[in-house]
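Participant: For the protein sequence lines, the chains are A and B, in the order given.
Heads up: the first sequence runs through residues 1 to 104, numbered per our numbering.
Heads up: the second sequence runs through residues 1 to 549, numbered per our numbering.
Read the hints as simulated data drawn from the structure, not as lab findings.
In this text the structure is predicted, and so the values were computed from the model without any measurement.
Cβ atoms here follow ideal geometry from the backbone N, Cα and C, with glycine treated the same way.
Computed footprint of chain B on chain A, listed as stretches where at least three residues anywhere in the stretch have a Cβ under 8 angstroms from a Cβ of chain B: (1) 8-20; (2) 37-48; (3) 51-63; (4) 70-84; (5) 93-102.
Label pairs and their calculated CB-CB ranges: (6) A:24 with B:419: 43 to 49 angstroms; (7) B:490 with A:59: 36 to 42 angstroms; (8) B:509 with A:59: 43 to 49 angstroms; (9) B:399 with A:17: 42 to 48 angstroms; (10) A:47 with B:233: 20 to 26 angstroms; (11) B:495 with A:59: 33 to 39 angstroms; (12) A:17 with B:452: 15 to 21 angstroms; (13) A:54 with B:354: 36 to 42 angstroms.
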Amino acid sequence: MNDELVERIESNPKYKELVSKRNSLGIKLGIFVLVMFYAYILVIAFNKELLATKIGDGITTIAFPIALGILVLSFITTLIYVRKANGEFEDLTKEIKKDVKDLI
Amino acid sequence: MLKILALISIIALGAFAAGDATFEATKRDLNVPAIIMFFVFIAGTLGITYWAAKKTKSASDFYTAGGGITGFQNGLAIAGDYMSAAAFLGVSGLIYMKGYDGVIYAVSFLVGWPVILFFMAEKLRNLGKFTFADIAAYRLGQKEIRTLAAFGSISVVVLYLIAQMVGAGKLIQVLFGMDYAYAVLMVGALMIIYVTFGGMLATTWVQIIKACLLLSGVSFMAVMVLYHFNFNFESLLVKAVENHKSGESILSPGGFITDPISAISLGMALMLGTAGLPHVLMRFFTVGNAKEARKSVVYATGFVAYFWVIITVVGFGAIAFLNSAEGAAYFVDGKLFGGSNMASVHLSHMLGGNAFLGFISAVAFATILAVVSGLTLAGASAISHDIYANVINPNATDEKVVKISKITVVVMGVIGVVLGIAFESQNIAYMVGLAFGIAASANFPILFLSIYWSGLTTRGAFIGGFMGLITAVALVILGPNVWKDILGNKEAIFPFAHPALFSVTVAFVSIWFFSKIDNSPRAKREKELFRAQNVRANTGIGADGAVSH
Numbered sequence: 001m002n003d004e005l006v007e008r009i010e011s012n013p014k015y016k017e018l019v020s021k022r023n024s025l026g027i028k029l030g031i032f033v034l035v036m037f038y039a040y041i042l043v044i045a046f047n048k049e050l051l052a053t054k055i056g057d058g059i060t061t062i063a064f065p066i067a068l069g070i071l072v073l074s075f076i077t078t079l080i081y082v083r084k085a086n087g088e089f090e091d092l093t094k095e096i097k098k099d100v101k102d103l104i
Numbered sequence: 001m002l003k004i005l006a007l008i009s010i011i012a013l014g015a016f017a018a019g020d021a022t023f024e025a026t027k028r029d030l031n032v033p034a035i036i037m038f039f040v041f042i043a044g045t046l047g048i049t050y051w052a053a054k055k056t057k058s059a060s061d062f063y064t065a066g067g068g069i070t071g072f073q074n075g076l077a078i079a080g081d082y083m084s085a086a087a088f089l090g091v092s093g094l095i096y097m098k099g100y101d102g103v104i105y106a107v108s109f110l111v112g113w114p115v116i117l118f119f120m121a122e123k124l125r126n127l128g129k130f131t132f133a134d135i136a137a138y139r140l141g142q143k144e145i146r147t148l149a150a151f152g153s154i155s156v157v158v159l160y161l162i163a164q165m166v167g168a169g170k171l172i173q174v175l176f177g178m179d180y181a182y183a184v185l186m187v188g189a190l191m192i193i194y195v196t197f198g199g200m201l202a203t204t205w206v207q208i209i210k211a212c213l214l215l216s217g218v219s220f221m222a223v224m225v226l227y228h229f230n231f232n233f234e235s236l237l238v239k240a241v242e243n244h245k246s247g248e249s250i251l252s253p254g255g256f257i258t259d260p261i262s263a264i265s266l267g268m269a270l271m272l273g274t275a276g277l278p279h280v281l282m283r284f285f286t287v288g289n290a291k292e293a294r295k296s297v298v299y300a301t302g303f304v305a306y307f308w309v310i311i312t313v314v315g316f317g318a319i320a321f322l323n324s325a326e327g328a329a330y331f332v333d334g335k336l337f338g339g340s341n342m343a344s345v346h347l348s349h350m351l352g353g354n355a356f357l358g359f360i361s362a363v364a365f366a367t368i369l370a371v372v373s374g375l376t377l378a379g380a381s382a383i384s385h386d387i388y389a390n391v392i393n394p395n396a397t398d399e400k401v402v403k404i405s406k407i408t409v410v411v412m413g414v415i416g417v418v419l420g421i422a423f424e425s426q427n428i429a430y431m432v433g434l435a436f437g438i439a440a441s442a443n444f445p446i447l448f449l450s451i452y453w454s455g456l457t458t459r460g461a462f463i464g465g466f467m468g469l470i471t472a473v474a475l476v477i478l479g480p481n482v483w484k485d486i487l488g489n490k491e492a493i494f495p496f497a498h499p500a501l502f503s504v505t506v507a508f509v510s511i512w513f514f515s516k517i518d519n520s521p522r523a524k525r526e527k528e529l530f531r532a533q534n535v536r537a538n539t540g541i542g543a544d545g546a547v548s549h
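Just chain B, same shape as in the assembly:
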């Protein structure tokens, strides 16, 4: 532990040194109140991690906080997972840039919740233990399903992770004027410490505290914005239209979603993807029973819906304030310092000065750390629980499994840092949209069909699931974002920005088809096992043992 802390300090010092080098170039003072706030946060959350580490004893504590989280706490934690850097910085930045198009993201990000509640939440709680693969593998072949689920989870987690890394890097760049690459490196190192020592209990508590702080901080910003316009939303919009180069077109859906296919595809990805996010699904195993699982969704939906309303105010507020004469100080060479993802951070400085900037930055940073930790933990359990403990070495001891997941965390931290640097200039809300697309295509169909369709067989799930995953990943790579923007090719091979419409269809159709033609004795047995699974999913009988220690 000491060694790692020493390493962190060296990295941090290096980053400050680098900060000095860029200091002249960006003409930005080291922001002392902001930095004090920032370190208070880091110390506070490390304290929680230390406390949680002392309480974390079993594998169940590490992955699911021992199943002792209440519905309200879990609702806050889920909302915390959801109000990630992409949501806070990305969506407000998107509104700042494109106006109403950002609101479409906000709305679409919410409607997944009722769907999860009506069809998934309690069944997840009744069937699962540590990861969503537990459910899909309940009556199907462990090896195949867990391998598939691990690939799906890792793909989603990595894309989501990149988005958070980009957000964190940009934030530190703005706050300290330090080099982007060092900032990303620092986030990676801190994330590894959080997760390896604290596990789910620590990330849950960090998530809960951060959710409260984020909600109050952004509420304050929204109130301040509206206060300037005598709490008249219309006046705010008038000012925003005046200050935005696109004028009135920012008040209705515009060019961001150009063709019908992309619109439908994005809507599908955001709605179904929520029910396939491994780090969110995992939260349903941290509560005691189905009743608490349901309650947590209601709380989460309420918090997130409220969050989108205030983010919309903040986004349009950013247009009204930053694109004015007084806002010119936040621009370098005609571009917003740190990119559009930083719109709400600059707005906080305009509204509340250095101290408020410090608060918002610290909250945003804690947000990123908490979300990144949750994601990494989900990725780690996919490897250690699904692949290692169930496929490679079924006789593994608890300690061995936890050790494997800690190694995975370190590896994922490194991957996150490297890709975070590569994806520097992308809008993070858009990237999270892609992660949702993969979740909707790879994880959701398997999960949904395993709960509701008795005809699902291992072969069908395995072949169909991989077809969905491969289609989604391939179309993302061949699409305009990666093929054109990152890899530098002239034209994208796949013309649509969001692949979900195609990849979700491929997944469902192929799972259905390969299950239907599977007449093996094993498939027959699996279909018969559906009855018992269904009874447990509906009543929770037999599931109570999953949380007792």
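Just chain A, same shape as in the assembly:
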């Protein structure tokens, strides 16, 4: 990749849009997953008894639905990201490629 191409792409507003949109979505979803997971781990580390709380009259503890919730939410975050990335971000990337076609 030569300097001219780098220069052209970097100054393309669509490139700036792509990078900032993607980074912001990635960071938001990433923080969500990190906070969710570390909250779980920290509860296990410092206050295990909390997870031993039973649901209603049964013996099932809240630890089970919480684990299930983390699994499901992790999957949903990947879905959200890919819907955005394979639609909007992919289109932006295509447009950027078209703009610099003469240099590739």
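Starting from the known structure of chain A, arrange chain B on it as the hints suggest.
Facilitator: Just chain B now, with coordinates in the frame of chain A:
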């Protein structure tokens, strides 16, 4: 090829002979349906290998299946890599033994995936070619980075390999009643055949087929377990609590993770380690473009999440069924035959008889072979592609490189067998946890910083990366698992079972520090090169050539 097949048959015969010797001791019949299933599998997968071997022509075919795998296929293959023996046998065994503590492993094993997707997957695809070192070495010194990456990969691969070997050995022991050492030897030999002849294309297809079979087999088990309790999870737990010596404490986090440091450390290892596993990272180079790379992560995450849910049912099902009066047949001298890693295998026999046992064992065995092959391939490419082709002999021909990697495969097979025998009694989920810890400390920091931090220099990456790797390996050896249990010392020098919290911190801090104080002209040049790398990582422009042949 014929010679090797002959060798295998001799080993197999020897193993059966050994099986006869232990037959009396364990009072276990040779399980004919199980054995038929087993050999159908071996024949089937060898067929795939043969087919793939005919199609494997270039080095790119060998390492990355020619870049022609779709997102869905790759998602299944990634999930297949992840649903290893450690995941299937190890986590279900851990739940059987400790209850909810095993579920913590399952949850932690998943959360690495979103992180990979948001921050790594497409960038890996846009920058890499064969191994993750391609990315780290994109603008940094080839020799240093590739040497470092190869050491990191080999350490991870070997630890992971041991876990799979232990699982395979135990499984064969249960199935055929044959000697553990022979079983491990047989797995080693089969693995060498798979990888040397078929390469990535074969392991990818074996992985895809096996992922489907494993998911359906374990689903069937979970449904059967729940069927017995009228699909009421609560009733299953009531029965499990009744049958487990620890009672209700199996329903919440317990003694397995005792101190806060270990809990945080394990969580960190499993989460970041996923993004540093060489055999998983390699899968992102088998797809055509960034779009397919992203899709494959979604599929993989979905499959793996579903897998953990059904494994949890199976694990608690194992407590409810095996620890009952009818389950007593699976115990020898008060211990589960083959150890806790075999809980789900015995459960399959209780639920579906000999034929289902045969199916589950064959799937588990195929799982192990496929994962082991993928691992070995990752190890082989670290040596042949990173060390040989880029450091020792840059003018090497394609054939020469492939030849070197085949030699590496044989060497790794031997190492795997020897260590597999040494680590016989370890829980395999725990051992994989250690492998993740090393991946998180050695591979992940370099990879992550090389993609995102323009200030990273060769010197910083090299010194810091090795400090992370050495810290992680040293703390594993000095920790309770190896120092106390394997080497037989009284007290562990390093008290925590998982070192990631310390070693990851050491890696990041030292990479940062040694990059910051690096003011050489070379460092300056490397920092300038970040711009072009970043543009390519973000757009994929310039990367398309990596897959065209």
